[in-house]
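Enquirer: Residue numbers (our numbering), protein chains in the order written: chain X, 553 to 830; chain E, 64 to 337.
No lab work stands behind these hints, which were simulated from the structure alone. From a predicted model like this one, the values you see are computed outputs, not experimental measurements. Glycine included, every Cβ here is placed at the ideal spot set by N, Cα and C. Do not take every clue at face value.
Derived list of chain X stretches under chain E, where covered just means 3 residues or more per stretch with a C-beta under 8 angstroms from a C-beta of chain E [claimed, not checked]:
{"#": "1", "stretch": "597-608"}
{"#": "2", "stretch": "669-675"}
{"#": "3", "stretch": "753-761"}
{"#": "4", "stretch": "767-780"}
Taking lysine to aspartate or glutamate pairs in the DMTMM-like style, the calculated list, with each CA pair at most 25 angstroms apart, reads [what the hints assert, rightly or not]:
{"#": "5", "chain 1": "E", "residue 1": "Lys266", "chain 2": "X", "residue 2": "Asp786"}
{"#": "6", "chain 1": "X", "residue 1": "Lys635", "chain 2": "X", "residue 2": "Asp621"}
{"#": "7", "chain 1": "E", "residue 1": "Lys66", "chain 2": "X", "residue 2": "Asp621"}
{"#": "8", "chain 1": "X", "residue 1": "Lys676", "chain 2": "E", "residue 2": "Asp323"}
{"#": "9", "chain 1": "E", "residue 1": "Lys66", "chain 2": "X", "residue 2": "Asp774"}
Derived DEER-like restraints, expressed as beta-carbon distance ranges [unchecked claim]:
{"#": "10", "chain 1": "E", "residue 1": "Gln104", "chain 2": "X", "residue 2": "Arg728", "range": "49 to 57 angstroms"}
{"#": "11", "chain 1": "E", "residue 1": "Val213", "chain 2": "X", "residue 2": "Gly701", "range": "28 to 36 angstroms"}
{"#": "12", "chain 1": "X", "residue 1": "Leu808", "chain 2": "E", "residue 2": "Arg173", "range": "24 to 32 angstroms"}
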Amino acid sequence: MGRLDNKVAVITGAASGIGLATAIRFAGEGAAVVIGDLNEEGGQSAVRQCRENGGRAVFQRCDVAAEADIKALIERAVKEFGKLDILFNNAGLGGAVGTIEEITVENWDRTMAILLRAVFVGIKYAVPEMRKIGGGSIISTASVAGLSGGRGPHAYSAAKAAVINLTRSVALEVGRDRIRVNCICPGGINTPLLYNRIPGGQETTAQFLSQIQPIPRAGMPDDIANMALFLASDESEWVTGTAMVVDGGLTAGASLFNRPGAPQLAVPGGFSGPSFEK
Amino acid sequence: MGKLDGKVAVITGGASGMGRASAILFAREGASVVVTDLNSQGGEMVVSEIAAAGGRAVFQRTDVTSEADIKAAIERAVQEYGRLDITFNNAGVAGAVGPLENIEAEDWDRTFAVLTRAPFFGIKHSIAPMRKSGGGSIISTASAAAIRGVAGLHAYSAAKAAVVNLTQSAAIALGRDRIRVNCICPGVVLTPLIYRGVPGGEKAAEQSLARMQPIARVGRPEDIAAMALFLASDDAQWITGTAMIVDGGVTTGNQRLRMDQLGTGGFSGPSFER
Numbered sequence: 553m554g555r556l557d558n559k560v561a562v563i564t565g566a567a568s569g570i571g572l573a574t575a576i577r578f579a580g581e582g583a584a585v586v587i588g589d590l591n592e593e594g595g596q597s598a599v600r601q602c603r604e605n606g607g608r609a610v611f612q613r614c615d616v617a618a619e620a621d622i623k624a625l626i627e628r629a630v631k632e633f634g635k636l637d638i639l640f641n642n643a644g645l646g647g648a649v650g651t652i653e654e655i656t657v658e659n660w661d662r663t664m665a666i667l668l669r670a671v672f673v674g675i676k677y678a679v680p681e682m683r684k685i686g687g688g689s690i691i692s693t694a695s696v697a698g699l700s701g702g703r704g705p706h707a708y709s710a711a712k713a714a715v716i717n718l719t720r721s722v723a724l725e726v727g728r729d730r731i732r733v734n735c736i737c738p739g740g741i742n743t744p745l746l747y748n749r750i751p752g753g754q755e756t757t758a759q760f761l762s763q764i765q766p767i768p769r770a771g772m773p774d775d776i777a778n779m780a781l782f783l784a785s786d787e788s789e790w791v792t793g794t795a796m797v798v799d800g801g802l803t804a805g806a807s808l809f810n811r812p813g814a815p816q817l818a819v820p821g822g823f824s825g826p827s828f829e830k
Numbered sequence: 064m065g066k067l068d069g070k071v072a073v074i075t076g077g078a079s080g081m082g083r084a085s086a087i088l089f090a091r092e093g094a095s096v097v098v099t100d101l102n103s104q105g106g107e108m109v110v111s112e113i114a115a116a117g118g119r120a121v122f123q124r125t126d127v128t129s130e131a132d133i134k135a136a137i138e139r140a141v142q143e144y145g146r147l148d149i150t151f152n153n154a155g156v157a158g159a160v161g162p163l164e165n166i167e168a169e170d171w172d173r174t175f176a177v178l179t180r181a182p183f184f185g186i187k188h189s190i191a192p193m194r195k196s197g198g199g200s201i202i203s204t205a206s207a208a209a210i211r212g213v214a215g216l217h218a219y220s221a222a223k224a225a226v227v228n229l230t231q232s233a234a235i236a237l238g239r240d241r242i243r244v245n246c247i248c249p250g251v252v253l254t255p256l257i258y259r260g261v262p263g264g265e266k267a268a269e270q271s272l273a274r275m276q277p278i279a280r281v282g283r284p285e286d287i288a289a290m291a292l293f294l295a296s297d298d299a300q301w302i303t304g305t306a307m308i309v310d311g312g313v314t315t316g317n318q319r320l321r322m323d324q325l326g327t328g329g330f331s332g333p334s335f336e337r
């Protein structure tokens, strides 16, 4: 018995990275999946992988910057599989990069259109469908960059913070309809979004990412897919309005010990007393 | 195939509420469970229930204010089942309640002994056996009260906030050993801790507490057990240092503001335009 038996899911950005891993995971747990992506070749391959994993899937080309495309994607789920239980607003990109004075207004707006407006549009069209069937689960990919500064480019960080608060705001409104709204804050995950921009590619990125958080390995798309599965399933029936951090401990805080550049402290344990005592 | 096949868990406060629900769920998913509690009768009943369903569990009486008791509970896991993979620091009390100026120092200290010092002991004594297992998952029950203060539960709120921060610092220190440290922040969950104070008991509390949160039902111990299972399992292999909120949305924000009262759609323009 699968954890998503008889459920229907729409996933944006499902041709690669976190979206792809989640589509395969959902399909393996019994969900029918509508794969939305700009990348048609990757999308068709995702459909094949979902089917190989025992699930049902279809691909629909979707530019999340277009309201009509997202609306059509959700309609496709209803037409193809009869309803909508799960929406995963996941499509993303790095967006406008550079110092604050280098960022053009056009690049700022494009970033917001994909990372923030698409999430709003997805929620807007998912809610009425989910009401029809007595509830549902909406999940969005936010980021640890939405929790504090210095974890990503400016526009990206601002958009992801907005996703977290939109999640909360909508959760309050649609809770009575048993529609749950949550987001996930991934840390450094080895996806094409990252490794396509790093010289040396996936291998080098994995090596780099294994060192930046307490758990000494790079984050993998499956780590996020597992959380998405939990949030999509009935196991999280009473979870809403949350921003689930999946980051290998990256944002847990700092360490007094072994920090690059910090003085080596020799503290064997014990008690550090009043400072006037030696 | 269970999600916790071959794993060994210690759960404090396992005789009732969230601890009981987690013990039963963990065992159903293949874990061997050491159920600990002050309440021997309740603890033995949980063990019987698990055994009747074909699971493995033993009871060990434990007062979590005693470091020796917690150490012994963890040793029991190793002695009985050969290893330790999961520690769930769950035992709780509401502790010192009432107006701040009426809280006695002794009640404050007792609250912290149960809610904060015990998770410290649980983490401390789990490290060595989990290192031997090549990693592990430590989970503690914090609270939504750790995120937002609750007047009347001053000591409880402060103690639970401390659990969240201890979770983070321990996670940073233990990541390299693949020991994950997380906590759960439950909202209002229908457990004896909550309903024993409500006139009319469990049934009345289920009714009266249903509308406290956006999801219009009271939390069930099983809601928390599901999150604990997720954190205990290898599905959460890359999750550490987190405070997972399971609260039906109660900490999400102000529930009184209704968007339809702000207009029926449209745009609120510059204030000088009418």
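Enquirer: Compare the structure with each hint and give your call.
Expert: Here is how each hint holds up against the structure:
1. 597-608: violated (count 0)
2. 669-675: The restraint on the stretch 669-675 of chain X is violated, since only 0 of its residues have a Cβ under 8 angstroms from chain E and three are required.
3. 753-761: violated (count 0)
4. 767-780: holds (count 8)
5. Lys266(E) to Asp786(X): Holds: lysine 266(E) and aspartate 786(X) sit about 24 angstroms apart, inside 25 angstroms.
6. Lys635(X) to Asp621(X): Given that 25 angstroms is the threshold and the Cα spacing comes to 18 angstroms, the pair holds.
7. Lys66(E) to Asp621(X): violated, 38 angstroms
8. Lys676(X) to Asp323(E): holds, 15 angstroms
9. Lys66(E) to Asp774(X): Cα-Cα ~16 angstroms, so holds.
10. Gln104(E) to Arg728(X): 49 to 57 angstroms: violated, 40 angstroms
11. Val213(E) to Gly701(X): 28 to 36 angstroms: holds, 30 angstroms
12. Leu808(X) to Arg173(E): 24 to 32 angstroms: About 30 angstroms separates the Cβ atoms of leucine 808(X) and arginine 173(E), which means 24 to 32 angstroms holds.
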